[in-house]
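Colleague: Protein chains in written order, with the working numbering: chain A, 278 to 580; chain L, 8 to 246.
If you're looking for bench data, these hints aren't it; they were derived computationally from the structure. Warning: the hint list may mix true and false statements.
[As the list claims (entries may be wrong)] Think about it this way: if two alpha-carbon atoms lie no more than 30 Å apart in a straight line, the pair counts; the simulated DSS-like pairs of lysine-lysine are: (1) 98/L / 402/A; (2) 202/L / 98/L; (3) 241/L / 402/A; (4) 402/A / 384/A; (5) 384/A / 408/A; (6) 98/L / 236/L; (7) 384/A / 236/L; (8) 408/A / 241/L.
[Unchecked claim] Label pairs and their calculated CB-CB ranges: (9) 408/A / 202/L: 30 to 40 Å; (10) 32/L / 482/A: 28 to 38 Å; (11) 333/A / 167/L: 34 to 44 Å; (12) 167/L / 538/A: 56 to 66 Å; (13) 206/L / 380/A: 33 to 43 Å.
The structure displayed is predicted, hence computed values, not measured ones. Quick reminder that beta carbons are idealized off the backbone N, C-alpha and C, glycines included.
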Amino acid sequence: MTTINIEHTSRWFGNVVAVNDVTMTIAPGVTGLLGPNGAGKSTLINMMAGFLAPSTGSVTLDGQPIWRNESVYRQIGIVPEREAMYDFLTGQEFVVANAELHGLGMKEARAALATVEMEYAQDRKIATYSKGMRQRVKMASALVHDPSVLLLDEPFNGMDPRQRMQLMDLLRRMGATGRTVLFSSHILEEVEQLASHIEVIVAGRHAASGDFRKIRRLMTDRPHRYLVRSSDDRALAAALIADPSTAGIEVDLAEGALRIQAVDFGRFTELLPRVAREHSIRLLTVSPSDESLESVFSYLVAA
Amino acid sequence: MYNPTVARLTYRALLGRRRAALLFLLPALLIVIAVAVRALNGADDQVAVDVLGGFALATMVPLIGVIAGTGAIGPEIDDGSIVYLLSKPVKRSSIIFTKLIVAIAVTMAFSAIPTFIAGYILNGNGQQIAVAYTVAALVASIAYSALFLLLGTVSRHAVVIGLVYALVWETLFGSLVAGARTLSVQQWSLALAQKIGGEGTITSDVGLPLAVGLLAGVSVAATWYAGQKLRTLKLAGEE
């Protein structure tokens with residue numbers, strides 16, 4: 278059982294703070310590191326992978342510092358986000374080289390390639406691989422020494438749905454066997470499908486931590502804004518404001534639409550079509566106006 | 008210290024198609040010049056010294072050193088693929104040492120061997136000139152490889168800086184400013200050539216003991232420092 282501990286860790290580049298006083302523990306099982314692009318996820322993963330020194334605080338693996346400590350790589354497998362590999366090698370040559378650097382050989386490389394189902398293309402040059410194939414070979418190179426910790430930076434980028442499911446299955450299996458698996462993503466659904474535990478990072482700060490359902494509920498229960506156009510905006514507004522699921526409605530004359538703030542997401546989504554039907558109002562447009570991940574995250578930070 | 012896997016990866020990266028073409032170009036040019044000079048001029052010791060000193064040792068060896076030394080590590084750091092070496096329980100100093108050995112081997116192969124062949128073509132090794140310049144190319148290969156490997160580790164503009172050093176400092180500046188010559192790998196290696204070549208044929212501005220000390224000192228210091236830099240290398244591409 279291997280645990281990564283991050284304690285009061287900050288990292289800045291010049292006068293830009295990328296990670297700001299983060300404390301978290303990554304325990305066995307699958308953990309999702311969720312946050313919008315540029316939130317500091319990669320910086321955090323790079324510190325966990327020993328590629329960056331924390332400016333302050335500490336990042337340790339079972340009590341051992343990770344920075345400037347090559348021996349931790351016996352336990353850590355890393356799948357970097359960047360595409361660059363040794364493109365002039367074949368998939369098998371690449372995984373064998375990674376195995377050799379761990380003091381292992383062909384047997385382990387073959388097993389790793391089988392795990393990611395890449396045997397069929399192992400003799401082709403990496404330069405000819407698709408993004409998904411590269412991702413799988415990177416995965417094989419990280420698994421070759423059977424590490425107890427696996428760090429993956431945006432592993433699903435560029436994968437097609439089938440490859441995505443395969444990788445999710447594999448990570449789930451690894452988590453179930455007691456390995457510590459951490460992956461970063463800016464896509465809520467990916468994290469939801471895979472991670473039982475999530476850490477949310479926004480603008481370098483640790484915004485939320487814990488069970489996915491709890492955080493999802495926080496995200497769902499936040500005030501939602503909608504832009505609605507209908508055959509009779511004022512009548513619809515009058516009927517909706519009577520219900521406690523709405524907190525405010527503005528008639529936007531310029532847009533010819535209603536701007537509705539709903540406080541009870543579940544109830545409102547059920548209310549709107551019912552009220553429209555009862556009053557014989559036709560709904561022309563119903564669109565959420567703040568569904569961007571950034572607004573979800575900024576709400577989480579404030580919560 | 009020497010890691011065969013790191014060496015294999017480095018050789019294959021260095022001798023990839025485009026880079027290999029560059030590596031073959033200069034030695035081929037040297038041989039062509041030697042053949043042409045011999046055909047037009049006949050065997051002449053002074054001409055041999057001019058061609059081997061002026062082109063082979065002053066231009067070709069440092070340029071091959073730049074290609075091999077920076078190429079042994081620079082591209083991997085630039086594109087981030089070095090992460091696959093760094094995320095292994097392999098000492099960073101072993102990675103640097105191995106890459107140095109590969110860079111030295113490639114520089115020697117592509118500079119010392121053609122220098123020897125060109126020397127034989129030019130005057131049949133009269134006055135030991137071919138052997139003297141070959142030895143100079145061999146020792147210069149070590150120092151250049153170490154220097155340019157360090158440069159490839161610390162700078163993303165290693166090739167440009169390397170070229171400026173090789174062409175401006177060693178070739179141009181060194182021939183104009185006397186003091187600059189003391190701080191020149193070319194002059195240090197010439198000190199060895201002077202010892203080997205026939206009396207008065209080859210001259211260096213640096214005495215032999217100082218030259219050997221500087222060659223060894225610079226090579227060791229550059230390699231040690233490159234190892235230190237690799238230990239604290241920050242991978243590019245952070246947010």
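Colleague: Verify the proposed pairing of residue 402/A with residue 384/A, using a straight-line Cα cut of 30 Å.
Modeller: Answer holds: residue 402/A to residue 384/A is near 20 Å, not above 30 Å.
Colleague: For the hint 56 to 66 Å, verify it against the beta carbon of residue 167/L and that of residue 538/A.
Modeller: holds, 57 Å
Colleague: Keeping to a limit of 30 Å between CA atoms, is the pair of residue 202/L and residue 98/L held or broken?
Modeller: violated, 39 Å
Colleague: Is residue 98/L within 30 Å of residue 236/L, Cα to Cα?
Modeller: Given pair residue 98/L, residue 236/L holds - Cα atoms ~13 Å apart, limit 30 Å.
Colleague: Check the hint pairing residue 241/L with residue 402/A against an upper bound of 30 Å on the C-alpha distance.
Modeller: Holds, at roughly 28 Å.
Colleague: For the hint 33 to 43 Å, verify it against the beta carbon of residue 206/L and that of residue 380/A.
Modeller: violated, 55 Å
Colleague: Within 30 Å, alpha carbon to alpha carbon, are residue 98/L and residue 402/A?
Modeller: At roughly 28 Å apart (the allowed maximum being 30 Å), residue 402/A and residue 98/L satisfy the hint.
Colleague: Taking the Cβ atom of residue 333/A and the Cβ atom of residue 167/L, is their distance within the range 34 to 44 Å?
Modeller: Cβ of residue 333/A to Cβ of residue 167/L: about 36 Å, so the range 34 to 44 Å holds.
Colleague: Does residue 241/L sit within 30 Å of residue 408/A, going by the straight-line distance between their CA atoms?
Modeller: Distance of about 25 Å is within 30 Å: holds.
Colleague: Within a Cα-Cα threshold of 30 Å, do residue 384/A and residue 236/L meet the stated pairing?
Modeller: Outside the cut-off at roughly 34 Å; violated.
Colleague: Please check whether residue 408/A and residue 202/L have a Cβ separation lying inside 30 to 40 Å.
Modeller: Between residue 408/A and residue 202/L, where Cβ atoms are some 58 Å apart, the hint is violated.
Colleague: Is 28 to 38 Å respected by the C-beta to C-beta distance linking residue 32/L and residue 482/A?
Modeller: violated, 54 Å
The structure shown violates the earlier hints numbered 2, 7, 9, 10 and 13.
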